[in-house]
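Asks: Residue strings, one per chain:
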Amino acid sequence: MAGIYIHIPFCKQKCSYCDFCSFPNKSGYEEAYMACLYKEMELRKDELKDKVFDTVYFGGGTPSVIDPKYIYGAMKQVKTLFSLSKNPEITIEMNPGTVTEEKIALYKRAGINRFSVGLQTAIDSQLADLNRIYTARDFAHVATLLKGENFNADVMLGLKGQTMEDIKKTIDFAVLGGASHISMYALTVEDGTPIYTDYLNGELPDEDTVANWYEEGRSYLEEKGFHRYEISNFAKTGRESRHNRNYWERGEYVGFGLSASSFMHERRLTNTFDQDEYMKCVLSGFLPVVDCEEVDEPTARFESIMLGLRTAKGLDLSAFEKKYGSFFDRYASAYERTKDYMTVEGNYLKIKDEYLYVQNSIVIEYMEEEKKGD
Amino acid sequence: MAKPNKFIRNFCIIAHIDHGKSTLADRLMELTGQVSKRDMEEQLLDSMDIERERGITIKLTPVRMYYQAKDGNEYLFNLIDTPGHVDFTYEVSRSLAACEGAILVVDSTQGVEAQTLANLYLALDNNLEIVPVINKIDLPSADPESCKREIEDVIGLDASEAPCVSAKEGINIRDVLEAVVAIVPPPSGDTDAPLKALIFDSYYDNYKGVILFVRVKDGSVKVGDKIKTFLSDTVYDVVEVGAFSPKLQPKAELAAGEVGYIAASIKSILDVAVGDTVTNANNPAKEPLPGYKKVQPVVFCGIYPLDGSKFNDLKEALLKLQLNDASLIFEPDTSTALGFGFRCGFLGLLHMEIIQERIEREFNLDIITTAPSVSYKVHKTDGTVLSVDNPSHLPPLSDIDFMEEPIVKAEIFTPPDYLGPIMDLCQDKRGVFKNMTYLDEHRVKLDYLLPLNEIVYDFFDSLKSRTKGYASFDYEIAGYEAAKLVKLDIMLNGEICDALSVIVHETRAYERGRTLCENLKEAIPRQLFEIPVQAAIGGKIIARETVKAVRKDVLAKCYGGDITRKRKLLEKQKEGKKRMRQIGTVQVPSEVFMEILKTNKD
Chain E
7 MAGIYIHIPF CKQKCSYCDF CSFPNKSGYE EAYMACLYKE MELRKDELKD KVFDTVYFGG
67 GTPSVIDPKY IYGAMKQVKT LFSLSKNPEI TIEMNPGTVT EEKIALYKRA GINRFSVGLQ
127 TAIDSQLADL NRIYTARDFA HVATLLKGEN FNADVMLGLK GQTMEDIKKT IDFAVLGGAS
187 HISMYALTVE DGTPIYTDYL NGELPDEDTV ANWYEEGRSY LEEKGFHRYE ISNFAKTGRE
247 SRHNRNYWER GEYVGFGLSA SSFMHERRLT NTFDQDEYMK CVLSGFLPVV DCEEVDEPTA
307 RFESIMLGLR TAKGLDLSAF EKKYGSFFDR YASAYERTKD YMTVEGNYLK IKDEYLYVQN
367 SIVIEYMEEE KKGD
Chain H
2 MAKPNKFIRN FCIIAHIDHG KSTLADRLME LTGQVSKRDM EEQLLDSMDI ERERGITIKL
62 TPVRMYYQAK DGNEYLFNLI DTPGHVDFTY EVSRSLAACE GAILVVDSTQ GVEAQTLANL
122 YLALDNNLEI VPVINKIDLP SADPESCKRE IEDVIGLDAS EAPCVSAKEG INIRDVLEAV
182 VAIVPPPSGD TDAPLKALIF DSYYDNYKGV ILFVRVKDGS VKVGDKIKTF LSDTVYDVVE
242 VGAFSPKLQP KAELAAGEVG YIAASIKSIL DVAVGDTVTN ANNPAKEPLP GYKKVQPVVF
302 CGIYPLDGSK FNDLKEALLK LQLNDASLIF EPDTSTALGF GFRCGFLGLL HMEIIQERIE
362 REFNLDIITT APSVSYKVHK TDGTVLSVDN PSHLPPLSDI DFMEEPIVKA EIFTPPDYLG
422 PIMDLCQDKR GVFKNMTYLD EHRVKLDYLL PLNEIVYDFF DSLKSRTKGY ASFDYEIAGY
482 EAAKLVKLDI MLNGEICDAL SVIVHETRAY ERGRTLCENL KEAIPRQLFE IPVQAAIGGK
542 IIARETVKAV RKDVLAKCYG GDITRKRKLL EKQKEGKKRM RQIGTVQVPS EVFMEILKTN
602 KD
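Sequences listed follow chains E and H, in order. Under the working numbering, the first residue of the first sequence is numbered 7, with each subsequent residue one higher. Under the working numbering, the first residue of the second sequence is numbered 2, with each subsequent residue one higher.
Among the clues, some could well be false.
As the list claims (entries may be wrong) - Below are the SDA-like pairs computed for lysine to any residue, each with C-alpha atoms no more than 25 Å apart in a straight line:
hint	chain 1	residue 1	chain 2	residue 2
1	H	71	H	171
2	E	319	H	552
3	H	569	E	340
4	H	549	E	205
5	E	345	H	575
6	E	345	H	496
7	E	85	E	99
8	H	569	E	280
9	E	358	E	306
10	H	569	E	25
11	H	558	E	258
12	H	558	E	213
The set of hints was computed from the structure by calculation and includes no laboratory data. Since we're looking at a predicted model, the values are computed, not measured.
So here's chain E without its partners, still in its complex pose:
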């Protein structure tokens, strides 16, 4: 089954590490943008009429910053135009400081049943450094509103001045708040973001420290009943994100909105990052696609390895074999070079727990072999 991604590029202000496609303080555009988004869905109605979608995901930006009626409208559009599975997972990302009881009520009426809250850290000074708009108290407030709901909290590693204690405190905060899923990931420093300066000046914790924190954070989360099912994702049993799992299984997805990408029939499409261009295209009845990549078979094979090995369960070898032939025949020498870091469990090939954080070095071996074989 496939997933739907809907991009809401609005934010109150830009976080200091953010290089996503988002626009702070552009509230005037909301109405026009959402109208285009609805239109874009219509443009792809026929193409997608045979697909059954199992998940919907509102990401951003900060989807919770806009009037909830637009989210409601978008869901209505989805239900009108596409077929959803019987029990779909419908997620919305939200940031503390933008959420009210009324908004949540309307989201639920729209069918949303999973929430993802950008906590990042429970230390207010670090939140301020990140240019986030809320405090730890605001998160606590959101958590109260989400009591009993299926919700994720983001936890970030590698912040300026951060300690392991801070991380544990943040995890405690999320767990006590009732989160059923925790996404714990390292800060990625992108050139051009304000935080890049901190990085250049050596003010961020080094990679070894972050790796240590990650390991410690992982066992702390396990203690709290959250198992790791992907490099950065931890959940209580049964609360894993179905939407994201679809990506790692190279399932199909369709993305609507600015910068969103779609993957169907081994073809990956990316929408424009330019708001005016997006609106112009859609209003003239064209898809706002600026990049179209036909994924050839060697690349597809590599992607399934790269993605499959991100998960704790590992790469589904029998599914792989069905599509591309025997894994071990094809990758004999790459496997020989990397087998110390992997295990085979039943039909799955997985990276050993202690090496999951050096996934790049391992999968890159498979890429080489791939290209040589061509």
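Assemble the complex: chain E is given as a structure, and chain H must be docked to it using the hints.
Replies: Frame of chain E; chain H shown alone:
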């Protein structure tokens, strides 16, 4: 006997790096209408990209200019640009032999600098007349008067009339040309005598064959003449002669006193040696002109193609480079770590670097180079003596009776302020102090005996940094001396990497081993496993560092929109790995083989 044209002036320019030599040359050409300002590329004479980028001159480049002097006569100027660096002294002496005078450019904000002196003395040795020129007078910190005094004090030249110019701004350039007319003598020689022309350079042209750069000393040469050289009996028909403007410009004839080129369908560079004398085959001169001191390579290193299948391309590149750089020598070599390649000999470290860079750029080849070495004499227990310039060719320790290393007689010129640091440095490099002479109150000459293998590492850089560039340094091989030398091996993850082995003096082995391990630790990227980096002598470990295992290299998040980006990131990483060599289980970046050079941190 007929005198050569008295309106010819053959001269070169001597200057410290960055004192404005090439800029001045450009202005001279501009002023004599050789090139229009519009066509002018900056620093016309430095035609190699490498020369322009590094701001240095490597190859000598001749150019011909006409100048209408104030005395009413038109003069023909042949300017031969020269390299400034000590490694290219060979090239310099070649161009000096083709001149009667030299312009000495001094930066009026800096005064006389060290490097200038060595070349200046070379010029004086060749009996050239010196034309001092004070440059950069447009700068606020210029002090032409004290600069003139310094020239008089340090060099003993009368600089009172020296032109004060700004080559950059084009100020007073005409004064320089007038000074050349006045000071540089016209060429001597006999235009009626049999042809004698000194070959001072050559290069290979795809259509014309070998092009000889010559200075005609006696007689003349024209198209149709039959010529030969003194070292070979082959006779060639001259198909073209001409001058440099600075591009080749055909002429009817080259006569005594002139500088130009000869093309004679010479197919192989091996038939003509730089320094040889060209003469007329039907009317040969009795004796050749004095040639050049034959240069021996003193620094050796291995050069390997990064991609093993490019061995023949590398060979081709080296052959082509050798055509206009006779001082480069090479022979095939193999290494367990690096595969098939060449062992190459150079005049010095800079020469080595330039050749490496030219291979990469002009021939678009990625190469790996090993640490530079010198040639040792190995006396074996069976009484035989071997010459070894490649550490991995050293016989087993048990077969070696003793070894000798090349020693150089070094002369260091310095202002007295830096005596202390220089003596410390020489001490550090196992130098033996011989003599110290005060040339005047500003300059001291130090004589040392130094092992060459200490010099090829970082002596020159250390000397420069310890004396703010003021000390100049020249050396000649003084012979061989027995020394306690050992082969220092580097082991990566327990395996010896032959391309990283070096021969060092016993007393330096421990320190060198430690520094090497430290440098390698920094240069080798972290991998999935811990890599011990060890230095060993004859199986005994003397130093160890560890490249820690990589702990985190993962992209934190990978959702729908990230997949292509993430894959491309990995593809880029894989590209990077192509520049790596697999040594045993360890991936080693090709730059690592040069890391071995960085032995000192001062």
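Asks: Hint by hint, say whether it matches the structure.
Replies: These are the hints, each one checked on the structure:
1. At most 25 Å may separate the alpha-carbon atoms for a hinted pair to count; residue 71 of chain H and residue 171 of chain H meet this at roughly 19 Å.
2. A hinted pair counts as satisfied when its Cα atoms are at most 25 Å apart, and residue 319 of chain E with residue 552 of chain H qualifies at roughly 21 Å.
3. Among the hinted pairs, residue 569 of chain H with residue 340 of chain E is consistent with the structure: their alpha-carbon atoms are about 19 Å apart, no more than 25 Å.
4. For a cut-off of 25 Å, the pair hint linking residue 549 of chain H to residue 205 of chain E stands: about 22 Å separates their Cα positions.
5. Using a Cα cut-off of 25 Å, the hinted pair residue 345 of chain E and residue 575 of chain H holds, with the two alpha carbons roughly 19 Å apart.
6. In summary, the hint linking residue 345 of chain E to residue 496 of chain H is supported, as the alpha carbons are separated by about 22 Å, within the 25 Å threshold.
7. For the hint pairing residue 85 of chain E with residue 99 of chain E, the CA-to-CA distance comes to about 20 Å; that is within 25 Å, so the pair holds.
8. With a C-alpha separation of about 22 Å, the suggested pairing of residue 569 of chain H with residue 280 of chain E holds against the 25 Å cut-off.
9. Straight-line distance between C-alpha atoms of residue 358 of chain E and residue 306 of chain E comes to about 23 Å, which keeps the hinted pair within the 25 Å bound.
10. The straight-line distance between the Cα atoms of residue 569 of chain H and residue 25 of chain E is roughly 18 Å, inside the 25 Å bound, and the hint therefore holds.
11. Under the criterion of a C-alpha separation no larger than 25 Å, the hint pairing residue 558 of chain H with residue 258 of chain E is consistent with the structure, at around 18 Å.
12. Of the pairs offered as hints, the one joining residue 558 of chain H and residue 213 of chain E holds, with about 16 Å between alpha carbons and a cut-off of 25 Å not exceeded.
Violated hints are absent here; each numbered hint is respected by the structure.
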